[in-house]
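Visitor: Based on these hints, arrange chain B on the given structure of chain A.
Number of protein chains: 2
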Amino acid sequence: MAELRRDPIAGRWVIVDNEHPNKPEDFEYEQSIPKGGICPFCYGNESMTPPEIDSFRDSHSAPNTSGWQVRVVPNKFPALEAKGDLNRRGLGIYDMSNGVGTHEVLIESPSHDKDIPDLLNQEVENIISMAHRRSNELIKDKRFKYILLFRNYGRAAGASLEHPHTQIIALPMVPKNAMEEIRGAHKYFEYRGRCIYCDIIRQETQEKERIILENKHFLSFCPFVSRFPFEIWIIPKRHVGYFSHTPQEEIADLASILKETIAKIKKIFVNVSYNFIIHSSPINGDDDIEYYHWHIEFMPKLMRVAGFEWGTGFYIDPISPELSAQYLKAIK
Amino acid sequence: MAELRRDPIAGRWVIVDNEHPNKPEDFEYEQSIPKGGICPFCYGNESMTPPEIDSFRDSHSAPNTSGWQVRVVPNKFPALEAKGDLNRRGLGIYDMSNGVGTHEVLIESPSHDKDIPDLLNQEVENIISMAHRRSNELIKDKRFKYILLFRNYGRAAGASLEHPHTQIIALPMVPKNAMEEIRGAHKYFEYRGRCIYCDIIRQETQEKERIILENKHFLSFCPFVSRFPFEIWIIPKRHVGYFSHTPQEEIADLASILKETIAKIKKIFVNVSYNFIIHSSPINGDDDIEYYHWHIEFMPKLMRVAGFEWGTGFYIDPISPELSAQYLKAIK
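These protein sequence lines map, in sequence, to chains A and B. Going by my numbering, the residue at position 7 of the first sequence is 5; the numbering climbs one at a time, nothing skipped. Going by my numbering, the residue at position 35 of the second sequence is 33; the numbering climbs one at a time, nothing skipped.
No lab work stands behind these hints: they were computed from the structure. Nothing false has been slipped in among the hints.
If several chains are the same, the list does not tell them apart, and a pair holds so long as it fits within one copy or across any two.
Below 30 angstroms or equal to it, Euclidean Cα-Cα: the simulated DSS-like pairs (lysine-lysine) are:
{"id": "1", "residue 1": "Lys74", "residue 2": "Lys21"}
{"id": "2", "residue 1": "Lys81", "residue 2": "Lys174"}
{"id": "3", "residue 1": "Lys185", "residue 2": "Lys143"}
{"id": "4", "residue 1": "Lys174", "residue 2": "Lys185"}
{"id": "5", "residue 1": "Lys257", "residue 2": "Lys235"}
{"id": "6", "residue 1": "Lys21", "residue 2": "Lys174"}
{"id": "7", "residue 1": "Lys21", "residue 2": "Lys81"}
{"id": "8", "residue 1": "Lys143", "residue 2": "Lys174"}
{"id": "9", "residue 1": "Lys265", "residue 2": "Lys235"}
{"id": "10", "residue 1": "Lys265", "residue 2": "Lys214"}
{"id": "11", "residue 1": "Lys185", "residue 2": "Lys206"}
Bear in mind the structure is a predicted one, so any value in this text is a computation, not a measurement.
If we strip away everything but chain A, and leave its shape as in the complex, we get:
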């Protein structure tokens, strides 16, 4: 019989198939194979993007020319723009406002074909440092309440450009999903006086069966209430609310665990597409949120979301996180 598991944070139920679990070879997923062509994110094509916002580059190179290691540019087709104010207004029973925010693209390296596992550790650290720098800059604009960092890798994960990149969006409100997690974490904190994520880390570290990788500062594991097969969370062991508050000395550990985790997934599922999302605390709010703990949620695109998920907000996981972790651990 299937097992129902309840997410202690958002209250979501997941149906885990323990009776006839899928094996890795049962997943028919769409492979992401680069097609090439002219790429606005490659060296020499810097003029194809809007002028750069920031970059790490050789000291003798000029902005918007080659010679950069990491480059941040405005999204050419931004979902939101940083002009004017919200101007909230009604239309009968409906509410609307202006799309105030920012939408930036962090081009992760000059290599068109190199995903995170193919980069040097130092190169991955550069991506993280630049993501921190942009976050800390955007926080200064008091109109923004949340900074969302995410990565769509491969067509099946919604990437429209294949050159690896991370998107950075500043939003004028705390998004629904973040609010749900924050409310769930808050309830737990009120009841127990502890961060629920710290308790998850404690339980996972004791039980061990869902852990994939661990280093001094970070843990990578398949969450007990995985929505998707081979879903993975990467979390700092020490309580930190904001992604951009990760101390300098922990960045190397984050880079290496991220790189190794993705490398493992891609060894089992060659050319798989994936999304990952950085879940961090809201910004510019009234209170310091001591009960939220930043982390990365990584989701390989092995299945399609369909009517059941849309109708319920619940998920059916055809392989338990315990089994997923076992496969991932076994891969060298």
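Guide: For chain B alone, kept in the frame of chain A given last:
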């Protein structure tokens, strides 16, 4: 500049691109083209499914043989099973229970290649009548709190079998998404003393610009806060909480508006995959929910859900519902 719109029910924000809207030909979607092969849902293959639960069939034909018009069978790989009880239990900070429920498949017609628009009106009415009959039967089991009916059409929408079918799942709890809508509708009812869906119908009927089709008992329109391009809702004009309480005399109107709406979508987007979900009131609860109004949410698969949507629970709609409705209205 993009426009932000707030869903008055679930509180979700949607970013609508009014500045550079997509045209129908801009969507690169995966076409759903039947491949054929041996199909367990076709005439003559009745023994390939578990024994049937119910059917409409010629009076001289035996169960589990040909001669049926609509056939309901247990899902061969059920997400949930109707044996035992929930047995809720804890595991440290996590909660789990047994997967008690049912998972049935309603095979909509003997025709492997006929989608709803290709059927006769009477055949579509048969599907609806059987969906009612199964719902009314499942309600009798007091362990079930919600009945979810949904349809995945085409591979991109998650259909694993191409012969058109509807899935019927009975759940031992009210799903998260239904709960959100119910809470939102309840808040509105407490404040205004009216059903929010009735108010939406009133406003849409007055403004007219998002309406696609209308008959005596039903309305088909692109909702003001569409999450997806060409999202469509079909709703009874009269307040009815439960899908299965739709009176006999309204079924013909429901069948014809459903058939015509899908026909229009498929004329613009040839062989498009889609999901639709029947949103109905929970069952076997303590109170009669006078503020919820059943309806269908229809979502053609024109885009991929990616990091932004996963991270926020918000959506970016590259074409406004007003424009979508205009295209749909124009199609004869």
